[in-house]
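Each chain, written out:
2 protein chains.
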Amino acid sequence: MCLGESLMTPPDVDALVFDVFGTVVDWRSGVIRDGEKLGAERDIDVDWAAFVDAWREEYQPSMDRVRDGEIPWRNLDALHRDSLETLLDRFGVEALTETDKEWLTGAWHRLDPWPDSLPGLRRLRSEYFVATLSNGHVRLLADMAKRAGIPWDLILSAELSGHYKPAEEAYLRAVELLDVAPDRVMMVAAHEMDLEAASEAGLRTAYVHRPLEWGPDEYRSTNEPPDSTAEIIADNFVDLAKILDV
Amino acid sequence: MCLGESLMTPPDVDALVFDVFGTVVDWRSGVIRDGEKLGAERDIDVDWAAFVDAWREEYQPSMDRVRDGEIPWRNLDALHRDSLETLLDRFGVEALTETDKEWLTGAWHRLDPWPDSLPGLRRLRSEYFVATLSNGHVRLLADMAKRAGIPWDLILSAELSGHYKPAEEAYLRAVELLDVAPDRVMMVAAHEMDLEAASEAGLRTAYVHRPLEWGPDEYRSTNEPPDSTAEIIADNFVDLAKILDV
Numbered sequence: 391m392c393l394g395e396s397l398m399t400p401p402d403v404d405a406l407v408f409d410v411f412g413t414v415v416d417w418r419s420g421v422i423r424d425g426e427k428l429g430a431e432r433d434i435d436v437d438w439a440a441f442v443d444a445w446r447e448e449y450q451p452s453m454d455r456v457r458d459g460e461i462p463w464r465n466l467d468a469l470h471r472d473s474l475e476t477l478l479d480r481f482g483v484e485a486l487t488e489t490d491k492e493w494l495t496g497a498w499h500r501l502d503p504w505p506d507s508l509p510g511l512r513r514l515r516s517e518y519f520v521a522t523l524s525n526g527h528v529r530l531l532a533d534m535a536k537r538a539g540i541p542w543d544l545i546l547s548a549e550l551s552g553h554y555k556p557a558e559e560a561y562l563r564a565v566e567l568l569d570v571a572p573d574r575v576m577m578v579a580a581h582e583m584d585l586e587a588a589s590e591a592g593l594r595t596a597y598v599h600r601p602l603e604w605g606p607d608e609y610r611s612t613n614e615p616p617d618s619t620a621e622i623i624a625d626n627f628v629d630l631a632k633i634l635d636v
Numbered sequence: 391m392c393l394g395e396s397l398m399t400p401p402d403v404d405a406l407v408f409d410v411f412g413t414v415v416d417w418r419s420g421v422i423r424d425g426e427k428l429g430a431e432r433d434i435d436v437d438w439a440a441f442v443d444a445w446r447e448e449y450q451p452s453m454d455r456v457r458d459g460e461i462p463w464r465n466l467d468a469l470h471r472d473s474l475e476t477l478l479d480r481f482g483v484e485a486l487t488e489t490d491k492e493w494l495t496g497a498w499h500r501l502d503p504w505p506d507s508l509p510g511l512r513r514l515r516s517e518y519f520v521a522t523l524s525n526g527h528v529r530l531l532a533d534m535a536k537r538a539g540i541p542w543d544l545i546l547s548a549e550l551s552g553h554y555k556p557a558e559e560a561y562l563r564a565v566e567l568l569d570v571a572p573d574r575v576m577m578v579a580a581h582e583m584d585l586e587a588a589s590e591a592g593l594r595t596a597y598v599h600r601p602l603e604w605g606p607d608e609y610r611s612t613n614e615p616p617d618s619t620a621e622i623i624a625d626n627f628v629d630l631a632k633i634l635d636v
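Chains C and H, in that order, give the protein sequences. The numbering of the first sequence is my numbering, which starts it at 391 and goes up by one. The numbering of the second sequence is my numbering, which starts it at 391 and goes up by one.
Treat the hints with care, as some may be off.
Each pair may be met inside one copy or between any two copies, as identical chains are not told apart.
[Said to hold, decoys possible] Simulated crosslink set (EDC-like; lysine to aspartate or glutamate; CA at most 16 Å straight-line): (1) K536 x E517; (2) K536 x D404; (3) K491 x D467; (4) K491 x E431; (5) K632 x E582; (6) K632 x E492; (7) K491 x D479; (8) K536 x E447; (9) K632 x D424; (10) K632 x E590; (11) K536 x D502; (12) K632 x E621.
The hints are simulated quantities; they were obtained by calculation from the structure and are not laboratory data. Bear in mind the structure is a predicted one, so any value in this text is a computation, not a measurement.
Based on the provided sequences and hints, a complete structural model is requested.
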């Protein structure tokens, strides 16, 4: 199937809500950049790409502790800060001060959009509400948007429901705040799990292919997306705007 | 006291949160405009200025029903829609359809900023997070911002706490989402009640004088603001930016 062919008529929705890490921004390059910067200053010899990949791999397990009710709601800074300790220990990094660790945790606020993200969002925004719907907390998303100039109409977050995606509550709270029926909202993400849960909650879905999310070595072997169940399959945000006829 | 003299050094805050109705936008002119438009189409002879003032006067009592726990949380559309029925009855207006009533209720989403609001916010935004903190619900504020091009970093609302201002929860939820201490946030409003409650919740405060909020006939007799307890007293948003040295 060719990209974009899945849809004949653009869906009649009011809002597009976007997953952020990996979908809008390139978390891997940004956190590696800040890790290398700090490493150079503190004379730390570590493979920052491996470090950051390992940090990201702690992401789902750390949220699972909240999802499973093992711990009460904690935002991503707290979860990232916890898993950073584990990682520093595993990679044998001892030279960081508390301030360094806080700054490095803040790297997840300082991420750059993929090249198509801002041009695509600007186009999409002319027709739809464009909002985040991320597991990142509101302040993280606001910091990121302000630094990178991401033109959100609204910053929505799992934090507003107290439940991390893919919990249904995260999607339904966003829908409630948008004050529309679930099928007037389209979830845009590069991850099947997110889209499947959004679909189960009654939202429309668009998959955007982000083959470089895990870096060039893990580049998904073709430009073809996986066998997504999403209604729309787009190469990037500009392609999504074209498919939606914006 | 001259405006602006109250402050020597700009306060060290991360975010300015703004009351919206009356402070950022001129609700009265906007709702009168839409009332007159609908009235002309439906051949209704009513004094729309008086009608809109009466509608606004139902605002606090309608929220009191939520504040006092008489009814569960309902957003402003629902409260406005209820009080509209009372007003239509009182003013003897019978010609409106359900669709008309919904459209007229939507007038509260279609309000224009005061002339200084956008230039002032653009300046303030270069230094601070600028966010709403209104009793208007998220969707209403998002509609208003999109229509008028109001450059919010974030849309925060009493809705996110389930408590209408001046309940402490409304302010503290905003502070929690901004992920800072209360004194890193400054409430900006044209209403003493709002500022006093924000101050009691630990926020910093700035009063902005809006002598035309209730129209030219009610024009506050001088350009001097009332005896506000706010830390900063500003003529308008551009003046606020100047006082804050932005």
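Hints versus structure:
Taking the closest pair of Cα atoms, K536 and E517 come within 16 Å of each other only across two copies (11 Å); inside a single copy the shortest separation is 22 Å, beyond that limit. For the identical chains of this complex, K536 and D404 are inter-copy neighbours only, at 13 Å across copies versus 24 Å inside a copy, given an alpha-carbon limit of 16 Å. Taking the shortest Cα distances, K491 and D467 sit within 16 Å of each other inside one copy (11 Å), while across copies they are farther apart (46 Å). Only within a single protomer do K491 and E431 lie at most 16 Å apart by alpha-carbon distance; the minimum there is 13 Å, versus 64 Å between protomers.
For the identical chains of this complex, K632 and E582 are neighbours neither inside a copy (22 Å) nor across copies (49 Å), given an alpha-carbon limit of 16 Å. Taking the closest pair of Cα atoms, K632 and E492 never come within 16 Å of each other, the shortest separation being 41 Å inside a single copy and 33 Å across copies. For the identical chains of this complex, K491 and D479 are intra-copy neighbours only, at 13 Å inside a copy versus 63 Å across copies, given an alpha-carbon limit of 16 Å. For a Cα distance limit of 16 Å, the shortest separation of K536 from E447 qualifies neither inside one copy, at 27 Å, nor across copies, at 38 Å.
In this assembly of identical chains, the alpha carbons of K632 and D424 never lie at most 16 Å apart, being 34 Å within a copy and 35 Å across copies at closest. Taking identical chains as interchangeable, the C-alpha atoms of K632 and E590 are never at most 16 Å apart, the minima being 26 Å within one chain and 50 Å between chains. Taking CA atoms no more than 16 Å apart as the test, K536 paired with D502 passes inside one copy only; the shortest distance there is 11 Å, against 25 Å between copies. For a Cα distance limit of 16 Å, the shortest separation of K632 from E621 inside one copy, 15 Å, qualifies, whereas the shortest one across copies, 50 Å, does not.
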